[in-house]
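Colleague: Sequence:
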Amino acid sequence: MDKVLRPEHLETDPSSGEASKEWLHGKRTFDNFLGVLPQRDLDKLSVLANFVAPSIFQHIKECTDYEAAVEIIQALFVKPRNEIFARHILATRCQQPHETLDEYHQALKTLTKDCNF
2 MDKVLRPEHL ETDPSSGEAS KEWLHGKRTF DNFLGVLPQR DLDKLSVLAN
52 FVAPSIFQHI KECTDYEAAV EIIQALFVKP RNEIFARHIL ATRCQQPHET
102 LDEYHQALKT LTKDCNF
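Residue numbering for the sequence shown follows my numbering, starting at 2 and increasing by one per position.
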């Protein structure tokens, strides 16, 4: 097993602003890790339980299969974006005094991702 692909322990608070980003990154690294494990008789749910914090495990402890557990965690971490509010934030975003034009442009590009243009 390649130790480089071993994922970090997922201990993110679902109510934090960065929870969605951390879950998506954690899911991708976990999928990469599962790809290098021997697939024969692999219990993905047990492997997942080893890499989540106890506070997250409480949400999936009743699950009987891996896909259901991932769906629950996905719903827990990835909240739907308010498109109207995202467009308001984009429309009112001004360049900060310390920001270069390139940094401001990058910030605007990042804000457009939630606007569904």
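Please note that the accuracy of each hint is not assured.
[To be verified] Under the rule of at most 25 Å between Cα atoms (straight-line distance), these lysine to any residue pairs were calculated in the SDA-like manner:
(1) LYS62 <-> ASN117
(2) LYS28 <-> PRO15
(3) LYS62 <-> ALA87
(4) LYS45 <-> GLN59
(5) LYS22 <-> ASP42
(6) LYS28 <-> ASN117
(7) LYS62 <-> ASN83
(8) LYS28 <-> ARG88
To be clear, the hints were calculated from the coordinates, so they are not data collected in a lab.
Here the structure is a predicted model, which means the values were calculated and not measured.
Colleague: Going through the earlier hints one by one, which of them does the structure break, listed in rising order?
Modeller: 1, 3, 5, 7 and 8
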